[in-house]
Amino acid sequence: MSERLISRAKNLGISAEIYTIRLKEYQIAKERTYKTIKGEEVGYGIRVIYDNRLGFIYSNNLNDTILDNAIKLAKLSDKDNANTLPSPKPLQKITGLYDNKVEDSEEKSKELIKEIIELEEKINLTFAEVVTGVYEVSILSTEGIDVSEKRSIVSIFASGIFKENNIVSPEIYEYRFSHGFHIDINELKEELSEKASVFSKREKIDVKGYDITLTQKAINNLLSPLLSAAVSAENLYRKSTPFNLNEHINENLEIIDDPLEPKLPFSRSFDDEGMPSKQNRIIYNGEIKTFLNNTYWSIKTSLENTNSASRTLYGNLIPSYSVLPRISPSNLIIKYKRTESNVEDGTITVDQVQGVHTANYSSGEFSVVASVGWLNKSGERIGLREIVISGDIKNLLKNIVASSKEAKLYGNIVSGKLRVTGLSII
Amino acid sequence: MFEYLKRAEILGATFADIRYEKIESRSITITEERKYLNQGEEEGYFIRIIQNRNFGFKSTNKISNIDIEDAINSAYGDEKVNIVFLPSKHDRITIGKRFQKSIEEEAKDLEKIKEYIGNLHESIRSFTIKYYEEKFHKEYYSTEDRELVSEGNISRLTITVVGRESNIIAEAFDAVSTHLGYVLDIFDINEILERVRKRLTNQLKGRTAKAGQYQVVLAPEVVGVFTHEALGHLAEADGALDGILYKLKGKKIAPDFVNISDLPTLNHNKAFGTLIYDDEGVEGREVKIIENGIVREFMTDRYYSAYLGQPPTGNARAQSFRDPPLIRMRNTYMKPGDAELEELFESIKEGYYMVSPIGGETSPDGTFQFSIQEGYRIENGEIKEPIRNVGISGYTIETLGKIELVSKKFDLDTGYCGKYGQVVPVSDGGPYIRLSSIKVGGI
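Which chain is which? The protein sequence lines are A and B, in order. So in the working numbering, the last one in the first sequence is 515, and the numbering has no gaps at all. So in the working numbering, the last one in the second sequence is 468, and the numbering has no gaps at all.
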């Protein structure tokens, strides 16, 4: 049916693209009881450009009327020369994005859940979940794009609290993503129980003036969404970012968007418009070198298309057929030249923040609660309560002073722990 | 659908239910340079079975006996599932009011709003006007011989503007949603635009608050976020048992005049969380979370009703046919008191008046954090200059105990609530309240 609709669009003299997702998921979760869900779905997103006007329709079913309805919507839209569909470019397929063991993942997922539940001996486990998915992304267009790729994803999540007498710790969570089952479950368990144990005593101390160290989880929670917005070419064009091209940020800092490394969870051979994936140096030699772009915004900004079109909604792992392509980084590699063995010493470590969605994404300003944080004092970790960190993305990056030696993958970032000075902390 | 339920019973299910959902949506987006329209339709089934006291689930676009078998085969657990069973019932209901408006008419209405925004404030560099409309049709069937069909619609308008003056970038938004018809027939667009203008200019000229503990007045939008985020989530039974609220059941944590409830329906044009039956086919009822300052009860699904021995509340909601129902809020609000609005400000020497939040978040240990997009400094009982980039935070239980006054005046606000990756429409609100102290964080 996709081929027929594309052929019909060609005959009508319009540009059309059909984005298809075929998905099979298995999920096992343990809260107070177990929930196991099998899911199957097929969905289509149809983008039509008629006279430089855009129309978009999504559905679980493809039929002839969909194309007509998309054209009708396009006719009501504004004419805009940037409304075009990309032409195909040679792409090199990345291997390692699909692990066929994930196709039949029930038994393995059950084993993993059992392993996580062993944590109940140490902490009050509030939620444990293993989600596995195999999906195929296909893009077919009148411009000649004809790509498809099978990918697999495994996500493991666990959360728990330390609860004793009148002490209830904040809820601490850990999550890991991978294309297969190559996730070190013991490392996740140790992280969770160690952090919970910090809160067996919790103090309210004057935290003003301390440097903070962001763990990889905090970097993924706080820095990653703010940075993603700040380096979007759409936001540059719409004057909704604090950054400018070639602006000096931090001479020791380098940030790369890397969709090509197969081991990283958000890698893909092509972006969500079918353009070949490539590495993009966002911050290089301490300066903003690249704003991430897709076809539409690269025409608007007259900047290079970084092939960063994405249909993955924030917080999701699998793209959605129901949205138009936006701009989003894939995996973010953060490198800081100055490293220290004991980067956390004498600082307040921030491991989890809440309230990031309330930040001002145009200016990059934020005021968040560090719900999981501790003071590192003389080799001891003292759990803290009610810390508020305020600042903005630009100064946060400018004020990074050191990184831990070891880098780690967390969510879509690979980074060391980052020590930051000068943020408001109360 | 009952033939599939029968099939589940033949295969060994002691209980089964099936949800069918069809959603038709459309959206129109207008920015400073773009206008484009989207339309969508999706449908599917969610099958749930209980076998050997374990749950099994399957979601699919098209249903067949194979899906029933898949649900049965997926059943797994420690054989501890017990749920509340309900009597046979057949019902068909409509949520809110249907309306007929063509997409062409709606696009023209948005074009007019674009013209207004062009003249709203000289600092505006970019803006997004987004209209979203949804027609939903839901069916629920269970082996208890329950057949419940509900239909309705959502109409929502969101306006976001970004302004820039010298080095300050300010962002302001307003959103209104309703089940009661076309959103622009229900709400006054001039009032919405005025709110956006005021919030933007306040952000541009506002001063940063001096961080510290202050006496504050919270307006209904902020009280709403407090009741929803800071208290409501702690009162969802799945979180409550591991959180701080369950052990406080029957205990007084706030003054007598503090009453907070979650209701399935409310006679208000912003009661956006309205439902008659939840996604487990349960009739909704009022949940009195705090009554006269005392923690009374918790929001439940069928499982937690049985677990806690509490009558079902109808709080199980799923974002779509793909998702299992979770315990979710509906319309959550603090009930009004008897104070006049002026009384709340009178005795404040130095404090803040928080009018509109950007949003908030809470943790099971009771910490909460809200960012404020519209707020003012208070000096000697008078509202002074606006503040910018400010957040408030604290502990829910401590904060409830610090409520000094509750106004007669009351309002609701609409929004979407996220939990475990699922988003559902809700409303929250309350009166104006005065707190003796709360942490105000500035930059």
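Note that these hints are calculated values from the structure, not bench results. Be a bit skeptical, because a hint or two may be false.
[Unchecked claim] Within a straight-line C-alpha distance of at most 20 Å, the following computed SDA-like cross-link-like pairs (lysine to any residue) qualify:
#, chain 1, residue 1, chain 2, residue 2
1, A, K127, B, E46
2, A, K199, B, R78
3, B, K160, A, N158
4, A, K203, B, G102
Remember, it's a predicted structure, so these values are computed and weren't measured experimentally.
Hint-by-hint comparison with the structure:
{"no.": "1", "hint": "K127/A with E46/B", "verdict": "17 Å, holds"}
{"no.": "2", "hint": "K199/A with R78/B", "verdict": "17 Å, holds"}
{"no.": "3", "hint": "K160/B with N158/A", "verdict": "17 Å, holds"}
{"no.": "4", "hint": "K203/A with G102/B", "verdict": "11 Å, holds"}
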